[in-house]
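Undergrad: Counting from 1, position 119 in the first sequence corresponds to residue 119 in UniProt numbering; the numbering is continuous, with no gaps.
Just so you know, the hints here were simulated from the structure itself, not pulled from any lab data.
These figures come from a predicted structure and were not determined experimentally.
Treat the hints with care, since some could be wrong.
Straight-line alpha carbon distances no greater than 25 Å define the calculated SDA-like cross-link-like pairs of lysine to any residue that follow [unchecked claim]: (1) K62 - A26; (2) K57 - Q85; (3) K62 - A11; (4) K20 - L59; (5) K57 - E34; (6) K84 - D56; (7) K84 - D63; (8) K75 - I15; (9) K20 - K62; (10) K20 - F64; (11) K75 - S51; (12) K75 - E36; (13) K2 - L92; (14) K75 - Q85; (15) K20 - N43.
What follows is a set of in silico ranges between Cβ atoms, one per label pair, in the way DEER data are often shown [to be verified]: (16) R114 - E79: 46 to 56 Å; (17) E99 - R42: 47 to 57 Å; (18) V12 - E83: 24 to 34 Å; (19) A11 - E34: 14 to 24 Å; (20) E34 - R114: 52 to 62 Å; (21) V101 - R42: 47 to 57 Å; (22) V101 - D67: 38 to 48 Å; (23) V101 - G73: 41 to 51 Å; (24) I15 - E99: 46 to 56 Å.
All C-beta atoms in this analysis are idealised placements derived from N, C-alpha and C, irrespective of residue type, glycine included.
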Amino acid sequence: MKEKELRRSQAVLPIGTVMKLTNLSARQIRYYEEQELVIPARNEGNRRMYSLNDIDKLLEIKDFLADGINMAGIKRIYEEQAEKQAEKQAELSKPLTDEDVRRILRDEFINVSRLTKSNGYSFRTNRNL
DNA sequence: GTTCTAACA
DNA sequence: TGTTAGTA
Numbered sequence: 001m002k003e004k005e006l007r008r009s010q011a012v013l014p015i016g017t018v019m020k021l022t023n024l025s026a027r028q029i030r031y032y033e034e035q036e037l038v039i040p041a042r043n044e045g046n047r048r049m050y051s052l053n054d055i056d057k058l059l060e061i062k063d064f065l066a067d068g069i070n071m072a073g074i075k076r077i078y079e080e081q082a083e084k085q086a087e088k089q090a091e092l093s094k095p096l097t098d099e100d101v102r103r104i105l106r107d108e109f110i111n112v113s114r115l116t117k118s119n120g121y122s123f124r125t126n127r128n129l
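Work out the full structure: start from the sequences and follow the hints.
TA: Laid out in structure tokens, this is it:
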């Protein structure tokens, strides 16, 4: 599932193609970059190169605009989105709580118990787990 | 021919 | 946001 993400983030589309795909003008696409909403990669000749993810984001911005949301509003939406993702990242880096450890240990015992029984062995204590 | 930046009769 | 000028 990671190979796919890499492809979607591969910047291979010139602005002309993006214009046709999104129905946005070059002026608008560049303006959104100025507003730091979609920052494309640049090739050797300083030409903007967009990825499929960039296309999706531009289409999303287009929808927000159609719904009457202004630049400031869209920026806020993405800022809040970034905050929530940062929280989830922090959550993942937190050390395990005692409760987490007990739950993991219990699941492990259940697995061991099942495998052991299939081999004809069993522990009396398994019944209490 | 396409894209870039900067600027506005 | 459109459009145009002068480049690369």
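Undergrad: Against each hint, give a clear statement of whether it holds in the structure.
TA: Cross-check of the supplied hints:
1. K62 - A26: Holds - the C-alpha atoms of A26 and K62 are around 13 Å apart, at most 25 Å.
2. K57 - Q85: At roughly 17 Å apart (the allowed maximum being 25 Å), Q85 and K57 satisfy the hint.
3. K62 - A11: holds, 20 Å
4. K20 - L59: Roughly 12 Å between the alpha carbons, so the hint for K20 and L59 holds.
5. K57 - E34: Cα-Cα ~15 Å, so holds.
6. K84 - D56: holds, 20 Å
7. K84 - D63: holds, 22 Å
8. K75 - I15: Distance ~22 Å between K75 and I15 Cα, so the pair holds.
9. K20 - K62: Holds, at roughly 14 Å.
10. K20 - F64: holds, 19 Å
11. K75 - S51: holds, 20 Å
12. K75 - E36: The given pair, whose Cα atoms are some 8 Å apart, holds under the 25 Å limit.
13. K2 - L92: Given pair K2, L92 holds - Cα atoms ~19 Å apart, limit 25 Å.
14. K75 - Q85: Answer holds: K75 to Q85 is near 15 Å, not above 25 Å.
15. K20 - N43: holds, 20 Å
16. R114 - E79: 46 to 56 Å: holds, 47 Å
17. E99 - R42: 47 to 57 Å: holds, 49 Å
18. V12 - E83: 24 to 34 Å: Hint holds: Cβ distance 31 Å, inside 24 to 34 Å.
19. A11 - E34: 14 to 24 Å: holds, 18 Å
20. E34 - R114: 52 to 62 Å: holds, 59 Å
21. V101 - R42: 47 to 57 Å: holds, 48 Å
22. V101 - D67: 38 to 48 Å: holds, 46 Å
23. V101 - G73: 41 to 51 Å: Holds, at about 44 Å.
24. I15 - E99: 46 to 56 Å: holds, 52 Å
Of the numbered hints stated above, none is contradicted by the structure.
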